[in-house]
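Asker: One line per chain: the protein sequences are A and B, in this order. So in our numbering, the last one in the first sequence is 359, and the numbering has no gaps at all. So in our numbering, the last one in the second sequence is 512, and the numbering has no gaps at all.
These aren't lab readings, by the way, just hints derived from the structure by calculation. For each residue, glycine too, the CB sits at the ideal point set by N, CA and C. There's no promise every hint is true.
[Unchecked claim] Here are the simulated lysine to any residue pairs, SDA-like style, with alpha carbons at most 20 Å apart:
no.: 1; chain 1: B; residue 1: K297; chain 2: A; residue 2: D304
no.: 2; chain 1: A; residue 1: K245; chain 2: B; residue 2: L124
no.: 3; chain 1: A; residue 1: K245; chain 2: A; residue 2: E220
no.: 4; chain 1: A; residue 1: K245; chain 2: B; residue 2: S312
no.: 5; chain 1: A; residue 1: K337; chain 2: A; residue 2: R321
no.: 6; chain 1: A; residue 1: K178; chain 2: B; residue 2: L124
no.: 7; chain 1: A; residue 1: K245; chain 2: B; residue 2: D401
no.: 8; chain 1: A; residue 1: K245; chain 2: B; residue 2: E390
no.: 9; chain 1: B; residue 1: K297; chain 2: A; residue 2: L334
no.: 10; chain 1: B; residue 1: K285; chain 2: A; residue 2: R321
no.: 11; chain 1: B; residue 1: K297; chain 2: A; residue 2: T307
[To be verified] Far from chain B, by Cβ distances over 10 Å, these chain A residues were calculated:
no.: 12; residue: G42
no.: 13; residue: R74
no.: 14; residue: D77
no.: 15; residue: R174
no.: 16; residue: A230
no.: 17; residue: V261
no.: 18; residue: R345
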Amino acid sequence: MKRELSLDDIESLAVGAWILGTGGGGNPYLPLLNMRLLYRQGHRVHLIDSNELADDALVGTVAGMGAPLIGQERLNDSLTLARAVTLMERHLGRKFDALMSMEIGGSNGIRPFMAAAHLDLPVVDSDTMGRAYPELQMTSVAVGDLSGYPVSLVDVRGFESVVHKVPSWKWAERVARKVCTEYGSTAATCQPPRTGAEVKEWGIHGTTTKAIAIGAAVREAQRKHTDPVAAILSVEPGKLLYKGKVIDVARRTTEGFLRGVVRFDGLDEYRGSAFTINFQNEWIVGSRDDQPVVMTPDLICVLDSVTGEAVGSETIRYGQRVTVIALPPTKIFLSPKGLQHVGPRAFGYDLDFRSVFSA
Amino acid sequence: MRRIGIDVGGTNTDAVLIEEGNVVRAVKAPTSEDVTTGILDSLKSLGSTGVLQGKKIDGVMIGTTHFINAVVQRRSLTKVAALRLGMPASASLPPFCDWPEDLAALVRGGVWMVEGGHEYDGRLFMPLDEAAVTKAAGEMKAAGLKSVGISAIFSPLDPGHERRAAELVSKIIPDAVITCSSDLGRIGLLERENAGLLNAALADLARDTIAAFEKAIADSGIAAPLFITQNDGTVAEAAQARRLPVYSFASGATNSMRGAAYLSGLSDAMVIDVGGTTTDVGQLKHGFPREANSVVKVGGVRTLFRMPDLLSIGLGGGSHVQLDPLKVGPVSVGYRLLKEGIAFGGRQLTTTDIAVAAGVLELGDRKKVAHLDAATCKKVFAEAARMAEEAIDRMKTEAGDVPLIAVGGGAFLIPEKLPGVSKVIHVEHGDCANAVGAAIAQVSGECDQIFKDLSRAEALSAAQGIANDRAVAAGAARASLATIESEDMPLAYLPGNSVRVRVRVVGDVAAG
Chain A
1 MKRELSLDDI ESLAVGAWIL GTGGGGNPYL PLLNMRLLYR QGHRVHLIDS NELADDALVG
61 TVAGMGAPLI GQERLNDSLT LARAVTLMER HLGRKFDALM SMEIGGSNGI RPFMAAAHLD
121 LPVVDSDTMG RAYPELQMTS VAVGDLSGYP VSLVDVRGFE SVVHKVPSWK WAERVARKVC
181 TEYGSTAATC QPPRTGAEVK EWGIHGTTTK AIAIGAAVRE AQRKHTDPVA AILSVEPGKL
241 LYKGKVIDVA RRTTEGFLRG VVRFDGLDEY RGSAFTINFQ NEWIVGSRDD QPVVMTPDLI
301 CVLDSVTGEA VGSETIRYGQ RVTVIALPPT KIFLSPKGLQ HVGPRAFGYD LDFRSVFSA
Chain B
1 MRRIGIDVGG TNTDAVLIEE GNVVRAVKAP TSEDVTTGIL DSLKSLGSTG VLQGKKIDGV
61 MIGTTHFINA VVQRRSLTKV AALRLGMPAS ASLPPFCDWP EDLAALVRGG VWMVEGGHEY
121 DGRLFMPLDE AAVTKAAGEM KAAGLKSVGI SAIFSPLDPG HERRAAELVS KIIPDAVITC
181 SSDLGRIGLL ERENAGLLNA ALADLARDTI AAFEKAIADS GIAAPLFITQ NDGTVAEAAQ
241 ARRLPVYSFA SGATNSMRGA AYLSGLSDAM VIDVGGTTTD VGQLKHGFPR EANSVVKVGG
301 VRTLFRMPDL LSIGLGGGSH VQLDPLKVGP VSVGYRLLKE GIAFGGRQLT TTDIAVAAGV
361 LELGDRKKVA HLDAATCKKV FAEAARMAEE AIDRMKTEAG DVPLIAVGGG AFLIPEKLPG
421 VSKVIHVEHG DCANAVGAAI AQVSGECDQI FKDLSRAEAL SAAQGIANDR AVAAGAARAS
481 LATIESEDMP LAYLPGNSVR VRVRVVGDVA AG
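Could you put the whole structure together from the sequences, leaning on the hints where they help?
Answerer: Here it is in structure tokens:
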């Protein structure tokens, strides 16, 4: 059923999307600020379920690409995202019936709504990651072997590029990344278009609603001064893994990605127990007392113990007090093909995937 | 070296004289409504002890909450013209877009956005549209605006466009007071711009306040330059503080931690500052407070100021005590302690009454608290210690036992032994630690910038050079400079070998 989102829903979406970002995806504060101003100007956005799409409907997937740090100087601009969508429409010679999110985790969980506000298109309550991941082939639609092209990329100064055809998702990632770099390492993109049938089969459904529910739970707990982490676990079938404080952060970049390790020291009932998390933009593998206990595609969420809000890998620092929880991933990523795309080996860890939820 | 440190607190204005590293005298005067009377009173009170007789004072260092209070209370603010160089980017998020509406209505004199700015690697984002800047300046002049905040995309990397725009605006408005966001450092356009706009809004107040401080010093008969303490525990010369008042927003807690370091001789320790109502717990690293890593809101405006990471709990010398069931704080009698505490003839049982009954403090009338037996006092002290222990444990970042310095007027609540603490250090003049921190403050310089295709060592050394130059420009003696923070952060999704480096150095105030 098509429903209008309130600004309060979008405030909750920002908090929930940042938590589903699992350490990456960029803090959604600036997209949220755009939405506040768009709502003040009278714009409204609507959410629909994937089963409302006709099989031959055409859906545009909206995402920002680039380094989150660049986005802190060249601020997210809603009209530029809308231009990425209209460029794709011109390229295809056909109008979209709806938009959707590539990545619910982080800033990209809100960007489709920024474009939708200008284009008067509904947004489908589905995405292709159910979280945040660093690369284009780490999506449910790539696992489903759907087409990895065309991709449109625009820059606020008027540049327009389309990656028309590439042999694989990996190549789409490489070529699009090059264009993005030339733009100044930030681009508004429209990802390969999807039919209604494709979205219904390969989309990860209900993720915007899920992010809003998580965010609403955290915000209510903050207002009532109750435990925000318990509030998340009351609306999501997650698992509390650890409470502690950051005692060391080691970072390095390789091939344009931020990789590293965070070490924690236990607090409260976890006193005396050590925890480490390895990350590549997102949290990838968590180990307790040197034993891997949680790994991708399970969602590893590091939360500020007091506010319940997400802590990102780019900003986590010595001394922060955090709680680590896990949330279950989409089943699409649990198949052998899914694990090839996003399991621990896809990130260079020689581990057999074992879910914290299978025990 | 002979300096006077002054801390203007909510209740008292403390002044200390430090001579060759020793606290010679500490005095207190009530804080006055206009702030400067309290400062003059404390200086007179210090002078009346005779310690200043015939001596040359090298500097008076004042820590004040005057500027932050103006923002929080929405008073004495100047209307500001905001000029952003970065079009066509960021157009949907104009200056003031995330300010609370009441504050924006007071400060927003007009918004102009023109083409300009740089990329992260120093390339031009857009050439500066000089004609548009000149046109904007004409409109500012017509609107009667004299205080201008200029921001540009990636200006911490290349401040060229902001500086050129400032020149152009000055040609049209010769008496304009201009804040360039690059003077306030740090990557994050909106937050840096916000800091610049707040700074521009304080232009008139800063000029008047600094002049009043200088007059108070002159009126007290002291001939010494004025320094204002900053958020990070260092000082700025009066001229710089007048130009960048936002850097002096929140110096109280920082001064107190720096004072604790100085009085104890320790540079790495936990500090617990027990006041009348609250207790702040923080950690000293290399003699400076560890900084908070979150975005700091001032009067509802997001900024990227350097503020110490503190945990505050409701425990202090004026905390209400309830005996059955036992509860200490968070409510406090605050500055009414000398009226409302039982030992002073009042009716509210406080932690100070317990200390008087136990013979720990000699204040008020001990007979009035004679009904409190030793066992009761012990129970209350144990509860206060438990609260302190929990706060310390939350702030500790290492597993082993660490030394703890206890300062502030309520430091008597901290016992000599605490779990997780190797030793508790009570220092002489600990109740004036904040004024001591002001008196001993140094000068700092910072660099926060992206370096490309340099080795890690080269990037760190380049950043260090920039930070050193900035510290010297701010009044530090070059030979005394030392690096107190150095952080490098490889950047995701950027080509080549891009690394963001932040270096902070401090040094002694240069003589003369």
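Asker: Work down the list of hints and note, for each, if the structure agrees.
Answerer: These are the hints, each one checked on the structure:
1. B:K297 x A:D304: 18 Å, holds
2. A:K245 x B:L124: Roughly 41 Å separates the two Cα atoms, so the pair is violated.
3. A:K245 x A:E220: 24 Å, violated
4. A:K245 x B:S312: The given pair, whose Cα atoms are some 18 Å apart, holds under the 20 Å limit.
5. A:K337 x A:R321: 37 Å, violated
6. A:K178 x B:L124: 19 Å, holds
7. A:K245 x B:D401: Judged against 20 Å, a Cα distance of about 16 Å means the pair holds.
8. A:K245 x B:E390: 14 Å, holds
9. B:K297 x A:L334: 42 Å, violated
10. B:K285 x A:R321: 18 Å, holds
11. B:K297 x A:T307: 15 Å, holds
12. G42: Its Cβ never comes within 10 Å of chain B, the nearest being 15 Å, so this holds.
13. R74: Nearest chain B Cβ is 4 Å from R74 (chain A), so the label is violated.
14. D77: At about 5 Å from chain B, D77 (chain A) fails to clear the 10 Å cut-off, so the statement is violated.
15. R174: 12 Å, holds
16. A230: 19 Å, holds
17. V261: Holds: least Cβ distance 13 Å, greater than 10 Å.
18. R345: Label holds. Min Cβ-Cβ 21 Å, cutoff 10 Å.
In summary, the numbered hints that this structure violates are 2, 3, 5, 9, 13 and 14.
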